[in-house]
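Student: Single-letter residue listing:
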Amino acid sequence: MGAEVVLVEERIRVSNLAKQFGTFTAVHDVSFTVHENEFFSLLGPSGCGKTTTLRCISGLEQPTEGEVYISGRLVTAPRKNVMVPPERRGIGMVFQNYAVWPHMTVEQNMSYPLRLAKKPREHVATKMAYLMDLLELKGLEKRYPSELSGGQQQRVALGRALSTDPKVMLLDEPLSNLDAKLREQMRFELKDLQRKTGISILYVTHDQVEAMAMSDRVAVMNAGAVVQEGAPHDIYANPTDKFVADFIGTMNFVPGTVVNATEQGARVRLRGGAEVTVRESSLEAGSCTLAIRPEDILLGTERGVDCEVDVRIFLGNVIEYRVRIGEDLLRVQTNASIRLEPGDRTRAIIQHALVFPE
Amino acid sequence: MNMVKATTGRSTDVRYVLMILIGLFFLAVIVYPLSLVIVKSFSSGADFTINNYVKVFSQEANLRAFWNSIWVSCLSTAVCVALGTLLAMLIVRTDIPGKSWLRMLLLLPYGIPPFIGAMAWAQLFGPVGYVSKLYMSLTGAMSAPWRIYSAGGVVLVLAIYQFPVVFITVSGALGRIDTSLEEAARMSGGGPFRTLIDVTLPLITPAITASALLAFVGCISNFGIPALLGFRARFFVLTTRIYSALSIPDMPLATAMAVLLAITSGVPLVLARRLERRQSRYTVISGKSVRPQTMNLGAWRAPIFIIVVIVSLFAGVVPLISMLLTSFLKYWGAPLRFANMTTGHYKYILNLPMVTRAFRNSVFLAVAAATITMAVGALVSYMSIRAKIRGAKTLDFVGTIPYAVPCTMVAISMILAWSRPPVVLYGTIWVILAAYLVRYMPFSIRTTNATLQQVHVSLEEAARVSGAGWIQTMRHIVMPLIRPGLVAGWILVFMPALRELTMSVLLWSQGAETMGVVIYNMQDAGYSQIAAALSTVVLLVILAGNVVVRKLTKGEVSM
Chain A
10 MGAEVVLVEE
20 RIRVSNLAKQ
30 FGTFTAVHDV
40 SFTVHENEFF
50 SLLGPSGCGK
60 TTTLRCISGL
70 EQPTEGEVYI
80 SGRLVTAPRK
90 NVMVPPERRG
100 IGMVFQNYAV
110 WPHMTVEQNM
120 SYPLRLAKKP
130 REHVATKMAY
140 LMDLLELKGL
150 EKRYPSELSG
160 GQQQRVALGR
170 ALSTDPKVML
180 LDEPLSNLDA
190 KLREQMRFEL
200 KDLQRKTGIS
210 ILYVTHDQVE
220 AMAMSDRVAV
230 MNAGAVVQEG
240 APHDIYANPT
250 DKFVADFIGT
260 MNFVPGTVVN
270 ATEQGARVRL
280 RGGAEVTVRE
290 SSLEAGSCTL
300 AIRPEDILLG
310 TERGVDCEVD
320 VRIFLGNVIE
330 YRVRIGEDLL
340 RVQTNASIRL
350 EPGDRTRAII
360 QHALVFPE
Chain B
9 MNMVKATTGR
19 STDVRYVLMI
29 LIGLFFLAVI
39 VYPLSLVIVK
49 SFSSGADFTI
59 NNYVKVFSQE
69 ANLRAFWNSI
79 WVSCLSTAVC
89 VALGTLLAML
99 IVRTDIPGKS
109 WLRMLLLLPY
119 GIPPFIGAMA
129 WAQLFGPVGY
139 VSKLYMSLTG
149 AMSAPWRIYS
159 AGGVVLVLAI
169 YQFPVVFITV
179 SGALGRIDTS
189 LEEAARMSGG
199 GPFRTLIDVT
209 LPLITPAITA
219 SALLAFVGCI
229 SNFGIPALLG
239 FRARFFVLTT
249 RIYSALSIPD
259 MPLATAMAVL
269 LAITSGVPLV
279 LARRLERRQS
289 RYTVISGKSV
299 RPQTMNLGAW
309 RAPIFIIVVI
319 VSLFAGVVPL
329 ISMLLTSFLK
339 YWGAPLRFAN
349 MTTGHYKYIL
359 NLPMVTRAFR
369 NSVFLAVAAA
379 TITMAVGALV
389 SYMSIRAKIR
399 GAKTLDFVGT
409 IPYAVPCTMV
419 AISMILAWSR
429 PPVVLYGTIW
439 VILAAYLVRY
449 MPFSIRTTNA
459 TLQQVHVSLE
469 EAARVSGAGW
479 IQTMRHIVMP
489 LIRPGLVAGW
499 ILVFMPALRE
509 LTMSVLLWSQ
519 GAETMGVVIY
529 NMQDAGYSQI
539 AAALSTVVLL
549 VILAGNVVVR
559 KLTKGEVSM
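One line per chain: the protein sequences are A and B, in this order.
Take 10 as the starting number for the first sequence in this note's numbering and just add one per residue.
Take 9 as the starting number for the second sequence in this note's numbering and just add one per residue.
Only chain A is shown next, with the shape it has when bound in the complex (with noise of 0.2 Å):
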């Protein structure tokens, strides 16, 4: 058997994107790729520039420098005078509140780019109960935006966005309106609805569990420029800095003392006096930030450093705890079966921890 050469279709890229408005800088020097059936989510806190590259890739915003490509094709590139009208792009977008026209119904509002598409109207009838059946909107093509819920105002979106079998379809933080519970159920939908329809979705949010949970890939944004790029385990349990560290779950920071580096790993001192291990190599002795997510701390074990319990949290399949270590107070998450009251003297080990320089 000879090697098999796979070639991965590219549905989306951006290339070195900036966007400036004004003397603000909004976007810096953006580049990624989105493949074929890809499930791709731009992560970051509000005003990270996420929305701003979206919109530039839909050609609702006009970037100040960089190139955007869209299923191969140049569509965005000031340099070169090229400005292709969002109307030409052929792609799918879903806005934060849905956008759903409240002066057409359910749908007149799923059906319009078909009409302006001038599709016969038997493939549009077709395509119509495809996707009132694909989306649960049976019964409802009558209504009219005011007379359904938020969900259903959101699958309506989704059905416009889809309607035209776009390879590429842009969603704007879709699920950002919903309850929490609707919004855990769209979630698996949205990625049932990429599997099964085989479109390469590019998804905005700054909800991390949300891109956590849907994404193939997630680039992390902050401060208008990519500041890590990967698969989300990757990102969870290797974040480059500290910014990363922190927005992606939950972690404790605490300041510590590299004192003994080696090519294996070092010990780092906390303050009061108890070491960790850490696998980085090459550090460099002295002041550091030492990140250590909550699981990956053990309560109530024999050996480890001293700690105290201050505070406990029930959370249904797992507890909390706020431990004081020296004179860290530190999150722990245990499952139920360790039983701690506040107060309790304890002992614990930091399996795993992750070192930034100060």
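Certain hints may be false.
Sample of chain A residues facing chain B (criterion: CB under 10 Å; computed from the structure) [stated by the list, open to error]:
1. 100
2. 103
3. 123
4. 169
Sample of chain B residues with no beta-carbon within 10 Å of chain A, all distances over it, derived [to be verified]:
5. 194
6. 195
7. 351
8. 356
9. 495
Source of the hints: derived by calculation from the structure; they are not laboratory data.
Don't be surprised by glycine CBs; every beta carbon is placed ideally from N, CA and C.
Using the hints provided, position chain B relative to the given structure of chain A.
Tutor: Relative to chain A, chain B alone:
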């Protein structure tokens, strides 16, 4: 416990007594006079008859006035809608330069009393008007090819003084459209033009329709413009025809025409309010607001800008300049040279007892009308919105009825109600005050309702929970929060009352003149420069009032 019970009990009683008093006040001042007009229109002596209406539709002059009212208002409204919508689109949605300046210029006619505007347009485009003379000197023609004293002139000037309603409403609606609705159309494959037709226009259609209805009502119930520009051409509309019928006097005919006028203006008003209510159901969840995308006009930018500037200037600034010039001109028709300028007219009006009297009267009437209507309005609003007392909603409704009643009909109702014993107010300033109270009551109630609605009940409840009594809650929480709204509302009644014409021109008498009446009579008698000087003074007062309102409401309200 006992004490609490006692206080609640007593305050409830006070509120009911107050409500009954206001109810009686409304019955006497609003319901009784207005119903008299309807009764009178159906009676001949003591008998029921429809002859008065037959007379309207069978006498050619009356019928013509009726149709004139309808078609003039329709045509003016069409011009308003076309002009207002187009300008709103240009200013809100294109890259036209100087937007805020243009907007200010275009809203200027809103602050100018229509009859003063009509005078200015006569000065500009009349037979020896400034623009007409300029045209004649440029072309060598013996006369200008237009006549401002004509049906066409009435239509044009009405349109200019009503189009700000459309402009404000439509640009407001355009600004409130969630831009993502339009972006969604672009992402669905629609170009800018398709998006405009399929999404933008349908979304602002309710606003256009509602403002068109309001403009129509403004046109059909206007008196000053058709009086100043139509009389000379023997062109009558309902309002001016009623004025003539009253000077005969033919009361039965006047009442019948007033009722017809009330119907033709009342129906569109009701429709407009329904539309407003329905539109509130149109609101959809709104996410982050993105700056509305503006269309690039490209090569058209400069020519369109120039046209818009000319239109904007003629809407307000040019008439104002013309008014100022005329007020300094030695005699009407004199060439515009510095040698022909004088401050004599101002000296003259300042020494004319009638003018000082009229000024005093107008200020007194405006202060009294604003204070009384705001006080009553605040009480009615509090009872219907906050205390939710049974029957308070009815008060609210009765108080807002006059909103649908044209000024002309209000004036006639005052004549009918207050010119016979036991209460004879006709012939004094008090009948004008009564008319103002009727007319401005709805505006006050609307403002106080809106103001009170902004103060959430929880703010009051929080004060009560913190230990404040009812009086303390009023003094420390409610009053400070609604004071700016009340002050703005007061001025919003004071300003139009100060320059009111339609009602006072039908109700004035020797010694009870208002500024509007004096200006109108001066202009009517041919003293254009005196009228212009008086108008300039009134306009300055309006300007000052506007500045005060803007300061007080931080730019949220203006006239």
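Student: Could you run down the list of hints and mark each one as holding or not?
Tutor: Right, here's what the structure says about each hint:
With a least beta-carbon distance of about 7 Å to chain B, the hint placing residue 100 (chain A) at the interface is held under the 10 Å criterion. A distance limit of 10 Å between C-beta atoms decides the matter here; for residue 103 (chain A) the minimum to chain B is near 9 Å, and the interface restraint holds. Taking 10 Å as the C-beta contact cut-off toward chain B, the hint placing residue 123 (chain A) at the interface holds, the least distance being around 9 Å. At about 6 Å, the closest approach between the beta carbon of residue 169 (chain A) and any beta carbon in chain B falls short of 10 Å, and the interface hint on this residue holds.
At the 10 Å boundary, the C-beta of residue 194 (chain B) falls inside the reach of chain A, the nearest C-beta of that chain being 4 Å off. A Cβ of chain A approaches the Cβ of residue 195 (chain B) within 10 Å, the least distance being about 4 Å, so the stated non-interface status is violated. Distance to chain A confirms residue 351 (chain B) as a non-interface residue, since its nearest Cβ pair spans about 50 Å, more than 10 Å. Even its closest Cβ contact with chain A, about 56 Å, leaves residue 356 (chain B) beyond 10 Å, as expected for a residue assigned away from the interface.
For residue 495 (chain B), the shortest C-beta to C-beta distance to chain A comes to about 36 Å, beyond the 10 Å cut-off, and the non-interface label holds.
Hint compliance for this structure: hints 5 and 6 are not met, and every other hint is.
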